[in-house]
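A.B. asks: If you want the building blocks of each chain, they are given just below.
Protein chains: 2
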Amino acid sequence: MGKLNLSTTTQNNSNLESFFQQRVDQFLKTHIKSNNIIDESIVYALEAPGKRVRPTLLYLVSDALTLELDHADAIAGALETIHTYSLVHDDLPCMDDDDLRRGQPSLHKKYNEATAVLAGDAMQSMAIEMLLDNQHFTEKQNNLLAKMLLETIGSKGMILGQALDIEYESREANESEILLMCELKTGVLIEFCFLAPLMIADASNEKWERLGKIVGISFQLIDDLLDLQETSENLGKKSQKDIIRNKKNYPISFGEKKTVELLDAYKAEANNLLQELNLDEHYLSNYIMNLFDRRI
Amino acid sequence: MGKLNLSTTTQNNSNLESFFQQRVDQFLKTHIKSNNIIDESIVYALEAPGKRVRPTLLYLVSDALTLELDHADAIAGALETIHTYSLVHDDLPCMDDDDLRRGQPSLHKKYNEATAVLAGDAMQSMAIEMLLDNQHFTEKQNNLLAKMLLETIGSKGMILGQALDIEYESREANESEILLMCELKTGVLIEFCFLAPLMIADASNEKWERLGKIVGISFQLIDDLLDLQETSENLGKKSQKDIIRNKKNYPISFGEKKTVELLDAYKAEANNLLQELNLDEHYLSNYIMNLFDRRI
Numbered sequence: 008m009g010k011l012n013l014s015t016t017t018q019n020n021s022n023l024e025s026f027f028q029q030r031v032d033q034f035l036k037t038h039i040k041s042n043n044i045i046d047e048s049i050v051y052a053l054e055a056p057g058k059r060v061r062p063t064l065l066y067l068v069s070d071a072l073t074l075e076l077d078h079a080d081a082i083a084g085a086l087e088t089i090h091t092y093s094l095v096h097d098d099l100p101c102m103d104d105d106d107l108r109r110g111q112p113s114l115h116k117k118y119n120e121a122t123a124v125l126a127g128d129a130m131q132s133m134a135i136e137m138l139l140d141n142q143h144f145t146e147k148q149n150n151l152l153a154k155m156l157l158e159t160i161g162s163k164g165m166i167l168g169q170a171l172d173i174e175y176e177s178r179e180a181n182e183s184e185i186l187l188m189c190e191l192k193t194g195v196l197i198e199f200c201f202l203a204p205l206m207i208a209d210a211s212n213e214k215w216e217r218l219g220k221i222v223g224i225s226f227q228l229i230d231d232l233l234d235l236q237e238t239s240e241n242l243g244k245k246s247q248k249d250i251i252r253n254k255k256n257y258p259i260s261f262g263e264k265k266t267v268e269l270l271d272a273y274k275a276e277a278n279n280l281l282q283e284l285n286l287d288e289h290y291l292s293n294y295i296m297n298l299f300d301r302r303i
Numbered sequence: 008m009g010k011l012n013l014s015t016t017t018q019n020n021s022n023l024e025s026f027f028q029q030r031v032d033q034f035l036k037t038h039i040k041s042n043n044i045i046d047e048s049i050v051y052a053l054e055a056p057g058k059r060v061r062p063t064l065l066y067l068v069s070d071a072l073t074l075e076l077d078h079a080d081a082i083a084g085a086l087e088t089i090h091t092y093s094l095v096h097d098d099l100p101c102m103d104d105d106d107l108r109r110g111q112p113s114l115h116k117k118y119n120e121a122t123a124v125l126a127g128d129a130m131q132s133m134a135i136e137m138l139l140d141n142q143h144f145t146e147k148q149n150n151l152l153a154k155m156l157l158e159t160i161g162s163k164g165m166i167l168g169q170a171l172d173i174e175y176e177s178r179e180a181n182e183s184e185i186l187l188m189c190e191l192k193t194g195v196l197i198e199f200c201f202l203a204p205l206m207i208a209d210a211s212n213e214k215w216e217r218l219g220k221i222v223g224i225s226f227q228l229i230d231d232l233l234d235l236q237e238t239s240e241n242l243g244k245k246s247q248k249d250i251i252r253n254k255k256n257y258p259i260s261f262g263e264k265k266t267v268e269l270l271d272a273y274k275a276e277a278n279n280l281l282q283e284l285n286l287d288e289h290y291l292s293n294y295i296m297n298l299f300d301r302r303i
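Chains A and B are the protein sequences, given in the same order. According to my numbering, the first sequence is numbered sequentially starting from 8. According to my numbering, the second sequence is numbered sequentially starting from 8.
Fair warning: there could be bad hints in the mix.
All copies of an identical chain are treated as equivalent in the list; a pair is satisfied when it fits inside any one copy or across any two copies.
No farther apart than 25 Å at their CA atoms in a straight line, the calculated lysine-lysine pairs in the DSS-like style are these [said to hold, decoys possible]:
id: 1; residue 1: 220; residue 2: 264
id: 2; residue 1: 116; residue 2: 163
id: 3; residue 1: 40; residue 2: 163
id: 4; residue 1: 117; residue 2: 214
id: 5; residue 1: 154; residue 2: 117
id: 6; residue 1: 214; residue 2: 163
id: 7; residue 1: 116; residue 2: 265
id: 8; residue 1: 147; residue 2: 58
id: 9; residue 1: 36; residue 2: 163
id: 10; residue 1: 154; residue 2: 214
id: 11; residue 1: 40; residue 2: 274
id: 12; residue 1: 163; residue 2: 117
id: 13; residue 1: 264; residue 2: 116
id: 14; residue 1: 265; residue 2: 254
id: 15; residue 1: 248; residue 2: 214
id: 16; residue 1: 116; residue 2: 254
id: 17; residue 1: 154; residue 2: 248
id: 18; residue 1: 264; residue 2: 163
id: 19; residue 1: 254; residue 2: 36
id: 20; residue 1: 117; residue 2: 36
FYI, nobody ran anything at the bench for these hints, they're computed from the structure.
Please build the complete structure, drawing on both the sequences and the hints.
C.D. replies: Next up, the structure:
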């Protein structure tokens with residue numbers, strides 16, 4: 008564990024990110040044919056240029072645990088499909104009302120609101136089907152992975168996070184409430200990128216779990232910071248929207264300085280955990296450190 | 008097969024419907040605790056008085072195939088949860104814009120639109136979890152059932168039906184297009200009430216499949232007829248809404264007379280199939296015939 012064994016499939020580390028992006032995109036392309044208006048709109052949303060952070064994390068954690076990459080393809084596809092469905096519903100006028108996503112019109116602007124509701128619904132079904140159809144695992148493993156993902160995205164997970172996000176627009180929220188909201192609406196799906204391969208490899212331990220948890224929360228905190236600092240053009244989506252909507256994210260409520268301090272602490276902790284897990288030479292470490300330093 | 012073996016659990020046939028309604032309601036009640044705003048809204052939607060047609064059909068088909076009723080509980084709960092999620096999203100202003108459902112305010116009127124989108128999303132996850140958690144079947148059977156249901160409700164099934172329903176508001180549709188839309192938006196989920204127990208009992212044949220198909224299509228045709236003929240008060244939801252929205256359902260496009268003729272033909276065919284399947288003494292036959300004669 009901990010040694011990069013991807014050198015046979017890629018020329019060097021700097022190509023790894025685009026390698027993983029292309030890998031999950033290829034999986035999605037072969038799985039979703041555009042036969043009708045709903046599938047066409049799903050392809051539109053999935054083909055928009057995203058960073059594919061969740062698939063990349065999943066592949067890297069899988070590799071670090073010496074799992075085969077092709078065993079992870081269906082999980083990567085499911086994760087990106089779930090993430091995209093959550094964005095499509097989140098962008099609806101009755102939710103965050105965003106017209107721009109991944110540098111192009113949101114699905115409800117390109118098509119219409121009804122199509123966006125339905126396409127998101129169908130993407131959720133599609134993602135779980137991908138997991139259950141994975142031929143590389145046993146029925147029991149597929150069953151467990153699907154249940155884990157459904158719990159992650161359900162009414163006690165991601166959906167609750169999005170509901171709290173909306174609820175806090177109209178009331179005050181304290182620090183622990185805001186951190187919980189961050190973890191639920193964004194963190195838990197990123198945590199799943201760690202927990203899924205850990206379950207398959209039967210390698211779960213507190214260090215790995217903690218790593219997944221802080222990477223997940225930090226991802227949202229960085230998003231919130233960038234939303235305050237960047238222009239829409241650089242982000243590929245509307246910036247400063249949280250202030251406009253009276254949202255209660257961490258930097259808005261407690262200031263940029265305190266957010267940066269919290270992120271620095273999480274980054275140092277993640278770095279320690281990666282060393283303790285003997286992953287300092289694995290590209291997962293670079294990738295996670297780069298996530299902490301990202302500007303987009 | 009074909010003999011009613013429910014006599015030990017119910018006093019007489021006239022109590023059967025409320026017996027099944029209570030049975031699935033009890034299952035849902037023990038499975039969904041109202042711990043947060045999303046779960047609370049889900050309980051609100053699920054506790055509204057519905058006819059529980061899908062669970063009842065599922066239980067009756069299961070019984071006709073001599074399956075145990077408690078093995079069907081999780082499937083019944085999943086079916087009612089999926090059906091309710093589809094109603095919650097369908098009632099949204101950007102879809103059919105209905106303020107009234109099952110005699111009470113629609114979820115987005117009782118709460119708000121964002122909560123309705125999120126609650127529907129979470130109900131889909133919850134329903135599939137119910138299937139995957141069913142302790143009465145093997146993991147392979149649970150996975151097969153979940154995949155069957157996901158395909159049924161996905162972008163080539165129920166969701167496509169709802170997309171076509173919206174699409175036809177702004178263009179003409181011919182008879183076969185309208186019948187396909189009926190089958191997809193409503194029929195396939197009712198068909199699943201037949202196909203799921205058939206799969207578990209390994210008893211699938213063309214007669215059973217045809218029965219499920221025509222009961223499913225007919226259910227939508229009867230809904231469309233009632234929508235034209237009844238008042239909102241009797242229906243528990245807005246009536247004549249299809250004409251108002253320029254929808255292209257069968258009676259609107261081809262007249263009430265032709266719809267009644269088609270339904271009479273389907274009813275006669277269903278009756279023949281039930282006899283050929285030796286089900287004329289099973290309560291499933293009464294129930295299906297009553298569905299054809301329903302006025303609400």
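A.B. asks: What hints, given by number in increasing order, does this structure fail?
C.D. replies: 4, 5, 7, 8, 11, 13, 15, 17, 18 and 19
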